Structures are given as C-alpha cells and as structure tokens.
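As they're listed, the protein sequences go chains A and B. Counted the way the working numbering counts, the first sequence spans residues 1 to 628. Counted the way the working numbering counts, the second sequence spans residues 1001 to 1613.
Among these hints, one or two may not hold up.
Claimed, not checked - In silico EDC-like pairs for lysine to aspartate or glutamate, Cα to Cα no more than 20 Å straight-line: (1) A:K373 x B:E1231; (2) A:K373 x B:E1355; (3) A:K587 x A:D387; (4) A:K342 x B:D1256; (5) A:K373 x B:E1307.
It is worth saying that the hints were derived from the structure and are not from the lab. Source: prediction; values computed, not measured.
For reference, the chains in residue letters:
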Amino acid sequence: MTPSTDRPATRPGSAAAAPKPAASQQLTSAVADRAEDSVGRPSARGEHSWSAYLGLGCIAVYAALGVTGILSVSTPFLALLLASQVLDVLIVSDDNVRAVLARGQFGIATRSVVRELAAAVLVLTDDWAGHGTRVAAALCVLGLAGLRLLYQLLLVPVRRRAAVPIETRNIDLGGLRLPPVPHPLLVTRLSERTHAVTLVGLLGAAIGVVANVPAVVFAIVGLVLLVELAGVGIAGWLLLIGSRALSREELLDVVQARVAALRPEVMLYHSGDPEATYQANMWLSTMEQLPRSCVIVLRERLSMQLLAPTTVPVLCIPQPVDFMTFPMRDVRVALYTANVGKTIHMLREPGVHHVFIGHGDSDKTASSNPFSKVYTEIWVAGAAGRDRYRRANVGIHDDDIFEVGRPQLAGIQTFTGIPDGALTVLYAPTWEGWTNDPAHTSVTRTGPALVERLVARPDVRVLYKPHPLTGSVSPAAARSDERIRATIARAGAPHQVVVGSEPSLYDCFNLADMLVGDISSVLSDFIASQKPYVVTNLTALPDGDFRAAFPSASAAYLLDPDATSIGAILDQVRSGDPLAGDRHELKFYLLGPDEPDALTRFIAAVDAAYDRAVALCPERPLLSAAGA
Amino acid sequence: MTVPPRPTAPGIAVLGLLAVALVGAIAAAAVGAGWGTVGVLTAVALLELVAARVARLAAWLDVTGLDIEVRAALRLLAVVLLAARTMPTAVVIGTAIAAAGILALHALRRAASSAVTHLRRPPLLSRNLDLGDLRLPRAPRQLVRDAHGADALPAVVAAVGLATADRAHVTAAAVALAVATALAALPPLLLALHALRLHRRGARGLVVDAVQRALEQLRPDVVVYFAGTPEETYQPEMWFAPVEQLRRSALVVLRDPEVLERLAPTSLPVVCAPYNGTIARLPLPPSVPTLFVTHSGNNAAMLRRPEARTVFVGHGDSDKPDSVNPIARVYEQVWVAGPLGRRRYAEAGIGVADEAIVEIGRPQLRPPDQPPVVPTVLYAPTWEGWGDDPHHSSLPHIGPELIRDLLGRPGLRVLYRPHPLTGRRDPRLRAAHAEVLRLLRAAGAQTVRLPRHADGSGRDLLDVALAGRETSPNGRPEPVDLEAAAWNSAAPGTHRIIDGSGPSLASCFAQASVLIADVSSVISDYLVVDRPYGIVDTRGLGAREFRRQFSAAAGGFVLAADLTGLDELLGAADGDDPTRRARRRLTRDALGDPLTAQQRFAAAVDSLLSPRR
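Bound-form chain A, shown alone (with noise of 0.2 Å):
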C-alpha cells in the first residue's frame, strides 16, 4: 500500500488521534507538504484499459479549444469546455494519467492557461458585441487567469512557512505565534480547485458570446472576479500573519526549550521509509512503560503521519542541520529500530549510549552487517539473537551484546495447561503474499479441510482469524477463505471468525488453548504463551529437515497438507502434551527466561545503558550547543 497523497490536511496531529494532555499543542506541516498538484508516479498496477483514451481525449479536448476559440465558433467552444472539465475530473482520479500527462508538460497549470486563454481569445474575436465590450470583457476574463495565478503565487509563502522544521506531537506549544497553516479548502488540490474556479468564469462568458448578452458575460466573470479577489484576500491576510510568526529559527529555540523541560533521558530514533513506520509503532507501548523521560524522535514527516497514537512526546525534524544543531542534554541512552544513513546524525553524540534494538528479532540482514558495530550496545530477544550475530562473526563482541527478551509481547498470557472441557483453537493462516507461493499460506488448501473436522469434533471451539490481505492476490485461496467461513457459520456457535482489529491478535491467543498456524511472525509471536501450537509442513521437506530450516517450527506439531492428522494432534495434545518441554526451551532459547518479564528487564537494561553511560563520560560534550 502507497500512503495516500491526498490525505486531509488536519491540524496538529488529529488524524493520528492521539490521547494527548490537556492543553498540549501539535505542530504539524502537514499541508505544505502534501503533494496535491504532485506529479506521481505511473504504476505498472491499477491501470485502465481507457487510460490512454483518456489522455488523448484531453489533449484533443484542449487543442479543440483552442482552435474553435481563434476560430469563434462559440456553440461548440461551449460544449468543448463542458467536456474539458468531464475529462479533468476523471483525470483526477486516475494517477497514472495524471503522471504521464504532467511529464508530458501538459499537466493542470497548463491546461488552466490554455483553456482561459482561448476563452479570451473566444471573447475578442467573436462579433457577440461592440468592439469596446470585447476588449473589455476579454480583460475579465485574463483578470480570471490572472488573479488565480496571484492567489497561487501568494499561497507559496505561506505554505512555506506552514511547513515548519519540526513537527512535535505531546510536547505543550500553548502560547506560540505558529505560523497559520491555511484552511485544507484553500490549499488541498490547489490547482485543480482554481481550474474548476475559472472555468465557472468561463463557462459564463461563452454563454453570453453564445447568447450575444454581454450582461451575462459580466455578471458571471464580475462574480468569479469577486471570489478570486477574496482568495487573494485571505491569502494575503495568511502571508501578514505568517510573516508576524515566529520564525524558523525562533521556532526551533522555542520548541528546543520545551522539550529541555521534559527533561529526556531516553530517545527512541527513527527513520526510514513510510512503510517502515511499524519499526517505531513496535515500540510504543514499551517507550510508554519506561520509568525515564523519553521522547522519540523522527526524521521523516511521513513517518510523523504515520505513527500510531502515543502519549510519549514525539518530535519529527527532517532536517539534518535542525536536528543536529537540536541539543537534547539530558538523552544518555538512544535506541535504534534500523540500520538507516540517516543513524549517523544521532551516533556522532559522544556520551550517549547508542543501542540498536531493531525492528523484530528475526531481521537476518541487520544482525549479519558489519555497520552494527558502530553502536555501543546491541539488545536482543534472547540467546538465539547473540548465537546469530556470533555466527555472522563481523566484528561485534559478545561484551556488546544484551539480551533484554521483547517487551511488546507482555500482553500474552503464558500456558497453565490443557483444560478439561472444550478445547479453543485459533487458526490464524498467514496471506498468500505477493508471490502466491503455493508453500506461503496453508488457507488455500489445508483451512478448508482443517475447519471441516475441528468443528465435527464435540470437545473443540474453533476461532478463525484469517489475514487481512488473504484472498487479495490468489482467487483459489478467496474461494478457501469463504469456504471455512461458510463451514463455521453454518456450525453456529461457538465457533467464530474473527475480523477487524478488537479482538487483537494477541487477545485471540489469550482467548486459545492451541494455534494452528503458518511460519510467520504470529507463529514468532505465539511461542511467548508456550501454548501448543500447530504447523502445516505445505514444503516438500521431510518433517525434521522442516523443523531444521524453521526454528520457529521446532517445537511444533507438525500437520500434513491435507489435515488428516489434526485428530491424532489433538489427541496427543490432551494426553500429555509431548512437547511441551521443547517449546519450554524454544521460548528460554528465543525470548529469554519467563522471570523477571521482559518489559523489567527492558527498564533495567535502559537504567544500567543510562549508568554506564553516565559512568563513562560525566559531562556530555554538547556538539550542537556550544553558543547559547
């Protein structure tokens, strides 16, 4: 999934939502950077077969006004222009259409002035009126042209200004002249907005040149010329006020002194790709936990969109330059997500210790690179993380590495046994992904069968928790999807499929006695209960040689492809439940030992990074502040 482009503009932080303090003010800049007159990419996906019509259309469209105008042939110059905003409209839906036309430098600012152009043009040449009118009116209507490109030429500024250097979320800005950020009405699709203003300007003139009614022409361009003149107006106003505001730089010192106030001693660092914002959601929910000020700091604005809600003060300061000459005191621990450039500009910090903790604990590319040594500390789940940096042998020593287990999972509950009565089983498959490998999702050809029997079996409760993407690339494994549904509903209760985000995933596991699953993180996950959990081997592999080459496996119950094993499965599972002494070992292996629990042993390791940060440098150098 692409972020949208066109999001609405919202003031401080609202999409996100976030459950904030009273009083607390967001500066985002989220207008100014929005890309409504974006040029965008043509995709290879989501293309229409009438795309291209649709671009020749216009264009054939657009030079047809042109010429009946220079011609004044006024009846089908009306009808053209009616059917040059049908197309733009439709063009605005289309991307890819969108993409190739501004390439091909016709894009809407072009299209606006050629359209009004050849109104004008229309106006003079047509003999609807006396020669003076004419040439009046065809002034009105290059004055339509000519205050929309004020009203645009004057938005610049003020969008400028508008995009601010640093965007917080949590952090108190009562009492700040910010820089107005101008309504989304004014800014959003700018130059699609101004083409359709224009065209109600238009559309008046050629009526009246069509009419012969020259006070039809004047009424409507004179009423079109008031609106304009009003957007330029408020835009003028915008630009007063935002050159009253405080300044770039009078905003960063502000902003700086109210974070100093909060005093942070622990920053969480995060940049990346949009997509890659779920490495810094990860680790909300243990920041929030954490005794010591924190903050978490972003480097990219999309990101800052992006980022679940949070109660933690957020910064988000794109520039390198900002962000550097930025000083935060009091951080002495700051915690990495990804391996990004972008690191560098927080790793220069002397006196700070610099900790990657990563995104997931199965990242095999960032635990083999050479550039981790660059941070002072590496935290891992468990043994499994240190046996793998180990392995990849580039230079981190074992000194540097800590196993601090994964708080994010405090909120699964840990195995108490088999209970007596009915038996809850998840079924939680993974999607076919991307490349509809057959091996990928066991929805396809096992869930149907699967279901089948868990719900003939008197002693089971079935909870199906399908992935949100399953069925969106592989039509058979839609058909599977619907299939299971069907089976459980015509089952009634109390069986259930379970959809949207409450109940969460990981209240699906509490709700469970067993999974069956897929290897994936959900699997990853499901280890931390210890409860028994179910494997579909769908590879060629022979059971061990799949145990082997999936860890996550090793402790699992293994199911054929066809599920006619999930009876004797179960069975086992009641008497005796033979492995749950390898799961037991699985779980100390992967995620470390059950107590204290991960979240303690999260803040401890904080505290102790903290101390022996504070131990080896009592007084940080400050590169960024050494000028008041």
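Chain A is fixed; fit chain B onto it per the hints.
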C-alpha cells in the same frame, strides 16, 4: 510538492518583467500591432535568456504556473492572435497549426533531452580506467540539450514574418512560419538521433560492463571512499597525492556524479556509483583496505562488505569535537596524525580501542623546499560549522579589520583562504567574507585558479570516462606543476584569494611566512612547515586560558580580538621567534616526525594488506 527556495532579488525582477512582457505581447497582438508584437516578443526572448541564467528562477516559474511550456504557449498565442487580427483565414489556420507544432516540438526536445541524459549517465561511471573503444558518440552541445532561453526565437521569427506580410502578400508569413518550425525541430531531431545511437549500442549496459571489467583487471590494493557532498570534494582530493605516491594499484570510489564533475585532476582511477546496489556489486578484492575520508550516512553501503578492511582517515584532525565522532567505532582502524590524536580518542571515551588507532602523520604535507619569495601572511579562517557556536570562525569578528590592517603594511603580501564551506549557513560570515573580498580586490588581489576537468570543454562525464587514461604514465601533469603555474600567474607581490577550487592548502603554506587561523586542522597541518602562526582568541579568554583550552595554540601566538599580538607575530617571521621551541614540541605531539609521514602511511597500508590478525 516541496516549496522551492526563495529566488534572489534579480530573479524576482526578471520574473515580474517576464510576466509583464508576456501580457504585453498578447495585448500588442490583440490590437493587431505587428511590429509592436515583434518588439515585445524580442524583449521576451531577451528576458528568457536572462532568466535561464538566474539561479533558482526555474523552480519558481514552475510553482507560479508560468513554467517553460506555459510561457512557450503564451508567446505562440501572441503570434496566432497577431495572425488572427491581420491575416486571411488560411494563414490564421496555418499559424495555429505551426504554433501547435512548435509547442509539440518543444515537448519533444525535453523528452529527447531527458532520454539522452538518462542514456549518458550509466549507474557506474569512471575516470582514468581504460574502457576500450566502446564507439559511443560525444555529448551533444549544451544549447541543443537545454535551450537556455533560446527557445523563444521561433516565436520572434514567426512574428517578424507576420509583421512583414499583409493580407495580399502572405509569402513572407509562410516562409517565416516554416523557418520557425524548422528552428524548433532541429534540437529534438539531433537529440533523438543521438539517443537512438546510444540506445542501439546499449550504452548504459556497455559502460557498466566495461567499468566492471576494468575494475576486475585493476584489482586495487587500496580504495579511497567518499560519499560526501560536492562542496566537500576537497576531502578526498587531499588524499590523492599520498595514495599516488604509494605506487600501488589504487581506486577512488565516489557516490555523487556532481563530485565527479568537480574532482581535481588525478592519475588515480575513479569510479562513481550513486546506487547502493552498484556499490555492493563492485568487483573489488573482498578484503581490500578501504580508506574513509569523512563520516557520512552513505558510508554504510561500503561498510556492509563483510571482509573489507575499513579505516577512517578523515580529512585533517583538530581540537574540534567532531574529530572524535563516536561513529569512528564502526571502522577497523582509525588513522590519526600523532600522539595528540590518539589521546583525543582515549579522553573522549567513545569506545574506539587504542589498538585500533594508528599514527601516520599527515602524508599530504611535507616541509617546503624554499622560504617564501616575499613576506606573506596567510589568513585561513574556518567556517561556521554545523553547530551554533558564534566563535567557531574568527571571520565575522576580526576578518575585515585584520585584512585592512595587513593591507596597510607596505611590502607585506596577503593570502586569503577561507574554508570552502564558509558562509554556507550563517549570513554574518557571508557578509564578512564579502567585505574581505572587497577589500582585497580593491588592493589588487587576484584569485588563484587551477584548471579543472569540466572547464568549458563541452565534455560530459561519459566523455571523460570513455577517454580512459588521458595522459601517458609519464606525461601526467603533476598537480604540483599546475599549482606552481597558478601561483606564478601573477607578480610575486600580488595579494591572492584562494577559493575551494584553488591550489591545495599545502601549496598555500609553502607561500606563507606567517599563518593566522582558527582552532581547526589548518593549524596542525601548518606545523609541518615550521613557521610562526597565530590563533585568534575571539572569545576574549586571554592567552593563558586560550592555550589551556586549545592545545593547537601551544606553539603559536594568541591574537586578541583587537589584534594585539599581531606585531609580535609578524616580527617572529623575520627570525626572532620566541615560539619556536614550544612549536616544535607541539609538532612532535600532533604529527610525529613530519619527514616520515609518507613512509608511515605506506606502512599502515601494507599492514592491512597482510591477512587479518
């Protein structure tokens, strides 16, 4: 959409005039004034020529909706209107068709030009590598690729034709329209032919393969890696001479084509690869020693190679806090100039192991052979830095006064060499720098210029890459020779200005009898020449406290902000130098023995060529 930076005042003036002139041309045409339209369109054409040369204007013209195609449309609209007012219908239709055709040809030129740019910028470029004869054509002329404002000409020609003709005699109009269309057709035609030739030859793949083959043959013993910005090009350049003197197979790896464009002449093979993927696939020996000259985010791409021997060599060390960046941990070794640099890392406690530090001196500098020709003061202030310290550079505090004072002393020559990044962030430094330049130029100062690769030859990066090794192994113009020629290009007593593209710092040092500078690597480098120097105490700390805080001041004079101490410093150049002993002590601490730096550098490289401990 990002909002472009504010244009300059002349830019805004040109923008306004252009808008007025375009409206004027349409108005003149609308009232049927033939020669009036020609006149105003000529003015438009001239303004277009100016606009093409005003920085940042193009981006603003685009934002305001007056982009290049809209302006072309407006010019041609004036022509069509003129025809509509003065010509019979057939000519009007002909003009409209010609106008539409010219517009389409403009769009075609842009399309063809971007195709040519794409084809001529393969993801891997080189210099000084023998790529064999790939039989690729030379770059088309700049005017063909980018009209630079000349695309307003067809409209003027067409308007002249319409103004000359009248309703009875339309031949002139027809001829002019044909000429205008032909003028507009020429650039896209030439570009399309060029693009077609490149495409048929598979130019991009051909060049990448050839560079890869050449690299496989080269098998470098040492790589210099630079991923910084174009303004920082001096940083890799300072390592060229020491690496050349290793007499080993070496390679320079760059990431930004603009850096390649700016790069000074060198005999070293150079490759430039903007994409991380290309870097990962460069056919380099797996454990090749790789020297990193600056800390930048894109170093990560090269640091990912699991077996490479990585060394941070930097670009001069100083008391500046950034000389002990914690990122240095990521390298296998850190090479510093002397014991002082080693202590700096130990004291900073950032986790660089003492065993990882190697003292190599400053191999790019050697004591000069001769004393300066005339008594000379070199003022080499640093820039404002990335922090907000107002005392980072002395330039805004004493720069103009110092230069005024020095220029007032007869028989004294002044060299001004500001840091290449001066004024990049702080307008006060820009102002002081401009004032210093004004004073010096008023006193007859000249800028010392070195020839560069890109100078006016019309060759692009691909042409340079295809030329391979440009000079025979013996006939290479030594940088030193170029520098000597540059210095000798004016009378010996002439004041000189040295900018970022000028001669190296080392050759400036050789010219100077006295240096005045700030706390920066310039001071420690100058120690090599063993001549007196002064550091400016703009904070007003006093000499004793200043020397305590900044170790580089130990061997020099401390100049107060009111220039107290300047007379003593200048006097020391004449022989009576009370700082000599302290300076030599500092030199040994900061650089070791300056005479053995090249040997120590070579030994450090050798040690990495043997298998890892």
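Each hint, compared with the structure:
A distance of roughly 29 Å separates the Cα atoms of A:K373 and B:E1231; the hinted pair therefore is violated under the 20 Å criterion. Proposed proximity of A:K373 and B:E1355 is supported: the alpha carbons are some 16 Å apart, at most 20 Å. Only pairs whose Cα atoms come within 20 Å are accepted, and A:K587 paired with A:D387 is accepted, the gap being roughly 15 Å. Restraint check for A:K342 and B:D1256: the C-alpha separation of about 17 Å stays at or below 20 Å, so the hint holds.
At roughly 14 Å between alpha-carbon atoms, A:K373 and B:E1307 fall within 20 Å of each other, so this suggested pair holds.
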